[in-house]
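Q: Spelled out from the first residue to the last, the chains are:
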Amino acid sequence: MSRAIRLVAVLMLGLAALAPPMSAHAEGPGIGGRRVRLDGEIAGPFRVRVVTSPTPVVVETLYLEVRVEDVSTGEVLTDAVVMTRAIALEGQGASLEAEATHDIAPIPTEYASHLPVPATGVWQIEVEIEHALGRGTVSFRERVTSPSSLGGVLSVGLPIAGFALLIVVFLWLQRTSPR
Amino acid sequence: MTTLEKVPQRSLYRPTPNLDVLRVPLLGRVLRWRWGRLVFQLVLLLAAIWVIYDGWTGPQLAPANSATVLAWVHYRGLVILALLLVGNLFCFACPFTLPRTLARKLSVHGRRFPRFLRNKWVSIAGVLLIFWLYEWLDLWASPWLTAWLALAYFVGAFALEAIFTESPFCKYVCPLGAFNFVHSMASPLQITARDAAICHTCVGKECINGSSTVPGCGTELFVPQIDSNMDCTLCLDCARACPFDNVALTPRRPWSELYQSGWRPRWDLVMLVVGIAFLGLVNAFGMVPPVYALQTWLASAWGISNVALQTLLVLVAGALLLPALLTVTVAELSRRLSGRLEQRRAIAAAYAPAFVPMSLGIWLAHYGFHLAIGGLSIIPVTHSFLLDHGIAWFGSQPNWELSFLLPNGWILPLQVAAVLGGFGLSLYVLTRSALRRNPIPVSALREMLPWALMVVALAMVALSIFNLPMEMRGTILGGAP
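So the sequences go chain by chain: A and B.
Read in order, the letters of the first sequence are residues 1 to 179 in the numbering used here.
Read in order, the letters of the second sequence are residues 1 to 481 in the numbering used here.
Hints listed in this document are in silico derivations from the structure and should not be mistaken for laboratory results.
The beta carbon of each residue, even a glycine, is placed where N, CA and C say it ideally should be.
Honestly, I wouldn't trust all of these hints.
Stated by the list, open to error - Negatives, chain A to chain B, calculated, CB over 12 Å:
#1 Pro56
#2 Ser72
#3 Thr73
#4 Thr78
#5 Val81
#6 Met83
#7 Ala94
#8 Leu96
#9 Glu97
#10 Asp103
#11 Ile104
#12 Ile107
#13 His114
#14 Ala119
#15 Glu126
What the hints assert, rightly or not - Heads up, incomplete: computed chain A residues facing chain B, CB under 7 Å, no partners named:
#16 Val36
#17 Leu133
#18 Arg135
#19 Ser148
#20 Ser149
#21 Val153
#22 Ser155
#23 Pro159
#24 Phe163
#25 Leu166
#26 Leu173
#27 Gln174
#28 Ser177
For reference, chain A alone in the conformation it holds in the complex (with noise of 0.2 Å):
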């Protein structure tokens, strides 16, 4: 039985490991929630579609995947020059900027970029676009948020506490019970 025991020990103090909340960094456009900002926007020749992830954005965390099309053919045009900006419209970062390539889009059509936005707040996103077709910006406005977390102490300690007061219960049932 010990050794039964020592097992089931081994498993759950196995699974508690898992427990403490680990720092989190995402790990590429694509892989948190995407949210499509803007759709079939037109801004000079092209019209341009932009999606964001993950979701909610949160501190460090903004990707964003850019989809660039002539307007008057249709075509998705590859080898344009896509900037991407994020400057802060509330609190205090600072702006950022750089330019969405093709390496880390999960379209290998599109371009993406990885803004580390420094602060919570409103953020104003523009994507600017150069092309021999010509030049062309767009922009929308993201709120950046801090990540929301229960805390390692509670999410181990609300499990215990109601294990704690199971064996109270227990206790209470067999001072209580007919003998």
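Guided by the hints, dock chain B onto chain A, whose structure is given.
A: Relative to the frame of chain A, chain B by itself:
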């Protein structure tokens, strides 16, 4: 070690039919009407056709396609809410069984599903297969593959209906059905006989054998002996076939079946329930960042870089081997602590139903999250679909801002409430089960202690996973939280 003289016998749990949903004005008539189920099935059939059509022909961007949004956001969120609040409504309106009539006409009558497969092991394998494909092929990100999956369900149901006489797809194969069966055990509605004496004298047993116009129960449940929602698709064929109008759909205390109804000591049933609870954790774990660390570790430490193999290993280890090992170990521990000379599987069968509320809480926290974040996304997706087909009734620009059903700030508290609610109810069911088997509280506590620790561990892991940022796959998200 002491031995108790008397082991509690398996009992039939049946709610008293004080209120019968089938007799509620209008609703009851619709439900009992011969074509009543068909109406609801046709609605879901249209949705399934839309999923398949848009998945094949629509934009291959998951958050902009109805196939991925309907299947992975709405279906999953609504099905778990329906199970919690009403019952097995999806199986009731399941479109996959619609070709049944045609299949039966084509079938070679008389062949039964092989006896060795008449258990839940095929369902368990089916559930694991679906989740493996989901993770490996990123079904959530592929409208095209999602459409093929929907079609595969139709083909599978049709083929099995055509080959065998009963409905083996629903009872023994369908992964969606297995998931629904497990959680419907905690649902507030159940089929029962209005008057058991009438069933006793009934000659035709039409509820199971069928009448001249209505088929009998596809999963072969005999109404007066139904003591669980397990295997009940809520098709209501029994109510339509009964010549005495003696079948009721009645409310009950949602958790009472879990501790009042004795299970046959079958490992397949035990593993289905416990495995689906663990699968809830594994599925949610697959959507939080540490899974990438695990994949990196598998590649660096073991040289396993193939994603299909990585996913399979995580799934089999977390949703099959770990729950199996824990269940057997905990059952042995429980047996020894109680001093009973009882089979491990008998003890496991007595306590496994207590994992249903915990499982329901985990899946509700997960699928409810997706529905809460992306529930309204179907509006711009539908709008976009109509525009793609030249229909501009609602303007020329979809409102991609629509997405959130609930404010972002509510979601984590609701997830925590779902997990803690399931956890509390699981402890309650464990307590009632233990006291039912052991009148002396301390003896009951000794027997249930290992099971309670297992539930505590599940709750801890679940809360920790839901603390992490979860990927919001396959949805459109527009409105600022």
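Q: Is it the case that A:Met83 keeps its Cβ farther than 12 Å from each residue Cβ in chain B?
A: Given a closest Cβ separation of 22 Å, the condition holds.
Q: Let's test the interface hint: is any C-beta of chain B closer than 7 Å to that of A:Leu173?
A: 4 Å, holds
Q: A cut-off of 12 Å on Cβ-Cβ distance, and A:Thr73 was said to be off the interface with chain B. Does that hold?
A: 18 Å, holds
Q: Report holds or violated for the interface hint on A:Ser177, using the least CB-CB distance to chain B and a cut-off of 7 Å.
A: Interface hint status for A:Ser177: holds (6 Å vs cutoff 7 Å).
Q: Closer than 7 Å between Cβ atoms is the bar; does A:Pro159 clear it against chain B? Give me holds or violated.
A: 4 Å, holds
Q: The output says A:Ala94 does not contact chain B. Does that hold with a beta carbon cutoff of 12 Å?
A: The claim stands: A:Ala94 keeps its Cβ more than 12 Å from every Cβ of chain B (closest is about 21 Å).
Q: Please check whether A:Arg135 passes as an interface residue: C-beta within 7 Å of a C-beta belonging to chain B.
A: 23 Å, violated
Q: Does A:Ser72 clear chain B by more than 12 Å, comparing its Cβ with all Cβ atoms of that chain?
A: With a cut-off of 12 Å, A:Ser72 remains clear of chain B, as the shortest Cβ separation is near 18 Å.
Q: Does A:His114 clear chain B by more than 12 Å, comparing its Cβ with all Cβ atoms of that chain?
A: Correct as stated: the minimum Cβ-Cβ distance to chain B is 15 Å, above 12 Å.
Q: Non-interface claim for A:Glu97: all C-beta distances to chain B beyond 12 Å?
A: 22 Å, holds
Q: Report holds or violated for the interface hint on A:Leu166, using the least CB-CB distance to chain B and a cut-off of 7 Å.
A: For A:Leu166, the interface hint holds, since the closest Cβ of chain B sits about 5 Å away, which is under 7 Å.
Q: At a threshold of 7 Å, is the proposed contact between A:Ser149 and chain B supported by beta-carbon distances?
A: 5 Å, holds
The structure is inconsistent with the numbered hints 1, 12, 17, 18 and 21, although it conforms to all the rest.
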